[in-house]
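Trainee: This is what each chain is made of:
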Amino acid sequence: MSETVSVKLIHAHRDRFAQLTICFVAFLVCAAFVWIVSDLVRGGWAHLSWDFLVDSPRDAGRAGGIGPILVSTALILLIALMAALPLGWMTAALLAEYVSASGGFGYAVRYSLQVLAGVPSIVFGLFGNAFFSIYLGMGFSILSGGLTLACMLLPILVSTAESGLRAVPDAYRLSAAALGMSRATTLFRLLLPAAAPALAAGLLLGIGRAMAETAALLFTSGYVDRMPGSLLDSGRSLAIHIFDLSMNVSGGDAPAHASALVLIVALLLINMVAMWFTIGWQRRRIVSE
Amino acid sequence: MIWSKHSISSPSASAEPAPVDKLVLWLLRGGAGIAAALVLLILLFVTVESWPALRHISVERFLTDPSWNPGESKYNLAPMLSGTLYAAGGALLLATPLGIASALFIAYYASPRTAGIYRRLIELLAGIPSVVYGFWGLTTLVPLINQLHPPGASLLAGILVLTLMILPTITLTAHAALLAVPGEYLRGAAALGMSRWGMIHGVALPASKTGIVAGIMLATGRAIGETMAVLMVTGNVVRHADSLFDPVRTLAANIVLEMAYAMNDHRAALFVSGLTLMLLVMVLSGVAGWLGRTRHV
Chain A
23 MSETVSVKLI HAHRDRFAQL TICFVAFLVC AAFVWIVSDL VRGGWAHLSW DFLVDSPRDA
83 GRAGGIGPIL VSTALILLIA LMAALPLGWM TAALLAEYVS ASGGFGYAVR YSLQVLAGVP
143 SIVFGLFGNA FFSIYLGMGF SILSGGLTLA CMLLPILVST AESGLRAVPD AYRLSAAALG
203 MSRATTLFRL LLPAAAPALA AGLLLGIGRA MAETAALLFT SGYVDRMPGS LLDSGRSLAI
263 HIFDLSMNVS GGDAPAHASA LVLIVALLLI NMVAMWFTIG WQRRRIVSE
Chain B
-6 MIWSKHSISS PSASAEPAPV DKLVLWLLRG GAGIAAALVL LILLFVTVES WPALRHISVE
54 RFLTDPSWNP GESKYNLAPM LSGTLYAAGG ALLLATPLGI ASALFIAYYA SPRTAGIYRR
114 LIELLAGIPS VVYGFWGLTT LVPLINQLHP PGASLLAGIL VLTLMILPTI TLTAHAALLA
174 VPGEYLRGAA ALGMSRWGMI HGVALPASKT GIVAGIMLAT GRAIGETMAV LMVTGNVVRH
234 ADSLFDPVRT LAANIVLEMA YAMNDHRAAL FVSGLTLMLL VMVLSGVAGW LGRTRHV
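Here the protein sequences come in this chain order: A and B.
First residue of the first sequence: 23, per my numbering; consecutive thereafter.
First residue of the second sequence: -6, per my numbering; consecutive thereafter.
Please note: incorrect hints may appear among the correct ones.
Computed footprint of chain B on chain A, listed as stretches where at least three residues anywhere in the stretch have a Cβ under 8 angstroms from a Cβ of chain B [said to hold, decoys possible]:
1. 106 to 112
2. 160 to 167
3. 172 to 185
4. 275 to 282
Don't read these hints as lab results, they were simulated from the structure.
Quick caveat: nothing in here was measured; it's all calculated off a predicted structure.
Heads up, the beta-carbon is just placed ideally off N, CA and C, and yes, glycines get one too.
Could you build all of it, start to finish, from the sequences and the hints given here?
Mentor: What follows is the structure, given as structure tokens:
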């Protein structure tokens, strides 16, 4: 009798210990997050101003602002999305609506996208440098950087759009078929609009991923911090600017902090809007069913 | 009756799809084909670019040359390889328990509200760019480690930064695996009077083991391929590290550092290290995908 009691006691102690450890770990992770964000805010807040956002960098970025860099970043993003969105959504529509998951072609596409998702960003950089910059002769340009990023974004765009399309209730497809709508009309008029919030969330996640990227852009879009005149000019993205200021420019810490703060705030906003899209969408689906 | 028969045999209801459908299907197939071919294109180009080095330099020279000194055609990648493996291994050792504990916290310990907030925080942590992790490590961690044991920019700093970066991957995949554990297992365990930790340790973790391991594989791939953050905090000295406080250089960091001025065989050797990275990560994600599939069988 006393043995069972002591075993129970040991179990209770073990339980308590496990709970404490796990809660401590959770606290530790939260603390790390707060530490990082507060460091960036403290280091960058004083340097941040409207002028910083619109001015050109001077003295290798120690003074001045990040205006041209924001423009370059936006152009690179635009190119990447214009190339990756049609391709990604087409692939997603095919995988979700037209081919079976276990069939040969569908399996091959899915497998190669899974591999693509795992390829390290520096390898994308090497590929972009060899293929877009040199083989296709685009040089160090916003165009070649954007196209390299498009390759990187493809897996995330496909997977979010595919799961969004799969989440559209089958009743939609059956009703459309019963009304005699062609599959193309069903896809464009019914399924894609119904999955629009998921597509938007995927788009935002893709933007976030693209803005965060450095290694793939170093040898494709280059370092030049002037205002880009055309898409074939080299342009420095915000992430590369942070890298350059902190590694290659002594005394560049304050603008680097401020740039990092701008990047983080933009990414947090994008992430939050993406989450809001997915959550609002799920809620609406539950209400409508 | 005749009217309805006519309607049934009308073109839109027959087995032959409308021409626009065929067109769309072929368009979609074309798009998906391009998407699928990208991986082959990347593999092809990286291989073609590294071919000069693979032809001139025998493979074992990448491991047995006296040093890494491309100017004198010495191409020993072994110190970089060991740096990569030490950093990734150390980060895994730290991030695996932390990540699984975080997943358990979300799944079984936190109230739904806290769990939601904590999960979101983990997702935000996953969204922080690697260059920002690197910058933070450079301005905060490296000076701290420098006080402990100079020079500061070291393997330890790399491990800590990598830990933060792969923790979200492990947490989110482990949480998904825990969610997939059938509810009746847990109810059965509770009905047997098992304690909470007994339930987790004896039922939930074994049942979700393959999913968690698949997540760890993915995280390993990310740790091996991570470039910027590691580059910024590890000091980048080409040599085998003797202690945690020694500076190291990883394969990916080496590419970034030398690509700008590399020519001919040197450039090809850098592509060889990129190819090595890509193959390593492909094997890891292949194993992870295979584990993920076997879980459902």
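Trainee: Check whether three or more residues of the region 275 to 282 of chain A sit with their beta carbon closer than 8 angstroms to a beta carbon of chain B.
Mentor: holds (count 4)
Trainee: Mind taking a look at whether chain B covers the region 172 to 185 of chain A? Criterion is 3 or more residues with CB to CB distance under 8 angstroms.
Mentor: That given contact holds, which follows from 3 residues of the region 172 to 185 of chain A lying within Cβ reach (below 8 angstroms) of chain B.
Trainee: Counting residues of the region 160 to 167 of chain A whose CB is closer than 8 angstroms to a CB in chain B, do you get three or more?
Mentor: violated (count 0)
Trainee: Count the residues of the region 106 to 112 of chain A with a beta-carbon closer than 8 angstroms to any beta-carbon of chain B: does the count reach three?
Mentor: holds (count 4)
This entry does not satisfy hint 2, going by the numbered hints stated previously; all others are met.
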